[in-house]
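Q: Sequence:
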Amino acid sequence: MISANGGINQQRVAICNAVTISRLLNATLVLPKFLYSNVWLDKSQFGDIYQEDYFIKYLKSDIQIVKDLPVELQSLDLEAIGSLVNDTNVMKEAKPSLYVKKILPILLRNRVVHFIGFGNRLSFDPIPSDLQRLRCRCNFHALRFVHKIQETGAVLVERLHGHRASSSPLKDNLLGQFAIKSDPSTNKSDASKYLAVHLRFEIDMVAYSLCYFGGGKDEEDELEAYRQIHFPVLSELKKTTKLPSAALLRSEGKCPLAPEEAVLMLAAIGFKRSTNIYIAGAEIYGGQYRMAAISRLYPALVTKETLLSPSELEPFRNFSSQLAALDFIACAAADAFAMTDPGSQFSSLVQGYRMYYGGGNFPTIRPNKRRLASILVKNATIEWNEFESRVRKLIQQTKQVHERPVARSIFRHPRCPECMCRTEH
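So that you can map any letter, position 34 of the sequence shown is 34 in the numbering used here, and since no number is skipped, the others follow by simple counting.
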């Protein structure tokens, strides 16, 4: 059993790791549960986001999955018998050998183990190739969104492409029966193209970063109040430990890109004023004030909230994970995708999905934040032509696709023998 913490993206990784560990230990997996987060404020469970029966059926040749713990085990006090395992008991990115050594004896003794949290608790290397392959199949094949999300996601993609969307393996997998089939008589050049941007600048990200964004004492007080409620350990650490200054964090590229910085990057790369841009993410910290620069330069800017009617959005209100699933669909299906935070789990999953299903036709823009920061700090004195040249060179270097490096995430870098058959492209 697992009860996964975090948002939808952290939970997705936890699901795939749980499937892999179940196979390793020759154990039955109970359909994963999701813990309620005081950041994401979403009570959604597995069946509210993913197709349960499809998940169970797709993986039936690999592991047995049941929807509930067997009746004879439900009355057990798992904590009392030592079957409750939290993230302090299993190190981050633990090797498979740890599970065999520490977890298997508990499972054999008590017949059940319950992992609480389970965030990134399985290494990417070293790991047997069959387990790596299973983790890949879980992420890219077994997890399909429920019909409600697929249907609304299809509406989003259709409107973004000007009602002339073409079909592709990526869209077929994302949208299932709701994927629009190409009309041979339709000229593909008539379809609108769009850039999706994951603008990771919500208050939780801004507060956790400990960076400063020019808002004076009001900003500092607001973010500290948020930290005290949502990140109390970090708030206390600030009082007892000398942490890096906001200026140092910014110079090292550890601050999230603000919208006004993101727009400079997009303009330098060469995106024209007429570019259709889809902005993914929750409410941007600073609201319209922060979005003013990007809105002025790129007026054809939309979100799921502007593309969908109130009645279409209503089933998803107060369900941030389900809304994030709609963003995932819009970003994965985009003609180009740009992220502002390469460390974001959402962006990593989208990048991997586009790589796995895109056939090289779905470019992703992933800036090196440290190098970009070194350029941005000089934006008051640097000439535009030099700024443009340096940013383009930086982005061009990050666009090169290689086989997955050792110990790197298979969710972001699926190009490896265990996940994708061909690695030569």
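For the record, the hints were derived by calculation from the structure and aren't laboratory data. Misleading hints may appear alongside valid ones.
Stated by the list, open to error - Derived DSS-like pairs: lysine-lysine, alpha-carbon spacing no greater than 25 Å straight-line:
(1) Lys217 <-> Lys193
(2) Lys254 <-> Lys148
(3) Lys272 <-> Lys148
(4) Lys399 <-> Lys193
(5) Lys242 <-> Lys254
Q: List, from low to high, the hint numbers that the structure doesn't satisfy.
A: 1, 2, 3
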